[in-house]
Amino acid sequence: MKYSLFPILLLAFLALGCAHRSSPVFPLPQGAMAASNSEQIPLKFPEVSVPSGNESADRRENPGNGGEEEIAAISDPLESFNRAMFGFNDKLYFWVLKPVAQGYKKVVPEAPRVGVNNFFSNLRFPVRFVSSLLQADFSGAAAELGRFAVNTIW
12 MKYSLFPILL LAFLALGCAH RSSPVFPLPQ GAMAASNSEQ IPLKFPEVSV
62 PSGNESADRR ENPGNGGEEE IAAISDPLES FNRAMFGFND KLYFWVLKPV
112 AQGYKKVVPE APRVGVNNFF SNLRFPVRFV SSLLQADFSG AAAELGRFAV
162 NTIW
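Read in order, the letters of the sequence shown correspond to residues 12 to 165 in our numbering.
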C-alpha cells in the first residue's frame, strides 16, 4: 500500500495538465479590431446624429473624441473592491508599515536584524528546496540543503 501511493499521486499530478482545453474562439464583430497587448479594444461605430440641447455637456462626456472612435472597456466586476483594497493598502503602507520599518531600522542594531532575516529565510527553506527538486535542479537543491544545514547548526 505504501509503495502504490506514489504512482497514483504521480499519475494524478500528470493528469492535471490533461484537463486543459483552449477557450472557444468567437469571430470579432464587424468594425472591431483585435487587441494585441492592450486591455482596451478600440471600436469604430457609425456616426449617429442625436439632437441635443446641451452641446457643452456632450463635449464634457466625450472630450476630444468627436464621435470618431470609442474605447470599449473590459468589464471588471471586482473593480470597486480592487480600488478599495488598493486605497486601504496604500494608506496602511504609508501611515503604518513604513514608519514602523524606519523606526525598527533606527532602534534595532544590524546584527539582530540580520539574525531575524536569517530566521525567516530558514522558514522558507522547504518551499525553495521542493521547488528546486521539482525543477530537477539538483545542484540548487543541494545548495539549499547545505545552506539550511549550516544555518541551522551554527
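It should be emphasised that the hints constitute simulated quantities derived from the structure, not laboratory data. You may find that some hints are simply not true.
Unchecked claim - Cross-link-like lysine to any residue pairs, in silico, SDA-like; alpha carbons within 25 Å at most: (1) Lys-116 x Ala-95; (2) Lys-102 x Ile-82; (3) Lys-109 x Arg-94; (4) Lys-102 x Asp-87; (5) Lys-116 x Phe-140; (6) Lys-109 x Gly-126; (7) Lys-116 x Phe-131; (8) Lys-116 x Val-127; (9) Lys-117 x Phe-136; (10) Lys-102 x Ala-112; (11) Lys-117 x Pro-137; (12) Lys-116 x Glu-90; (13) Lys-109 x Pro-88; (14) Lys-117 x Val-138; (15) Lys-116 x Leu-156; (16) Lys-117 x Arg-94; (17) Lys-102 x Ala-83; (18) Lys-116 x Trp-106; (19) Lys-116 x Arg-94; (20) Lys-102 x Leu-134; (21) Lys-109 x Ser-143; (22) Lys-109 x Asp-87; (23) Lys-109 x Ala-95; (24) Lys-117 x Asp-87; (25) Lys-102 x Glu-81; (26) Lys-109 x Phe-130; (27) Lys-117 x Ala-95.
Just so you know, these numbers come straight off a predicted model, no measurement behind them.
Tested hints:
| no. | hint | verdict |
| --- | --- | --- |
| 1 | Lys-116 x Ala-95 | violated, 30 Å |
| 2 | Lys-102 x Ile-82 | violated, 32 Å |
| 3 | Lys-109 x Arg-94 | holds, 21 Å |
| 4 | Lys-102 x Asp-87 | holds, 23 Å |
| 5 | Lys-116 x Phe-140 | violated, 30 Å |
| 6 | Lys-109 x Gly-126 | holds, 21 Å |
| 7 | Lys-116 x Phe-131 | holds, 17 Å |
| 8 | Lys-116 x Val-127 | holds, 12 Å |
| 9 | Lys-117 x Phe-136 | violated, 29 Å |
| 10 | Lys-102 x Ala-112 | holds, 15 Å |
| 11 | Lys-117 x Pro-137 | violated, 32 Å |
| 12 | Lys-116 x Glu-90 | violated, 36 Å |
| 13 | Lys-109 x Pro-88 | violated, 31 Å |
| 14 | Lys-117 x Val-138 | violated, 32 Å |
| 15 | Lys-116 x Leu-156 | violated, 30 Å |
| 16 | Lys-117 x Arg-94 | violated, 33 Å |
| 17 | Lys-102 x Ala-83 | violated, 31 Å |
| 18 | Lys-116 x Trp-106 | holds, 16 Å |
| 19 | Lys-116 x Arg-94 | violated, 31 Å |
| 20 | Lys-102 x Leu-134 | violated, 29 Å |
| 21 | Lys-109 x Ser-143 | violated, 33 Å |
| 22 | Lys-109 x Asp-87 | violated, 31 Å |
| 23 | Lys-109 x Ala-95 | holds, 20 Å |
| 24 | Lys-117 x Asp-87 | violated, 43 Å |
| 25 | Lys-102 x Glu-81 | violated, 34 Å |
| 26 | Lys-109 x Phe-130 | holds, 22 Å |
| 27 | Lys-117 x Ala-95 | violated, 32 Å |
In terms of the numbered hints stated before, the structure departs from hints 1, 2, 5, 9, 11, 12, 13, 14, 15, 16, 17, 19, 20, 21, 22, 24, 25, 27, listed from lowest to highest.
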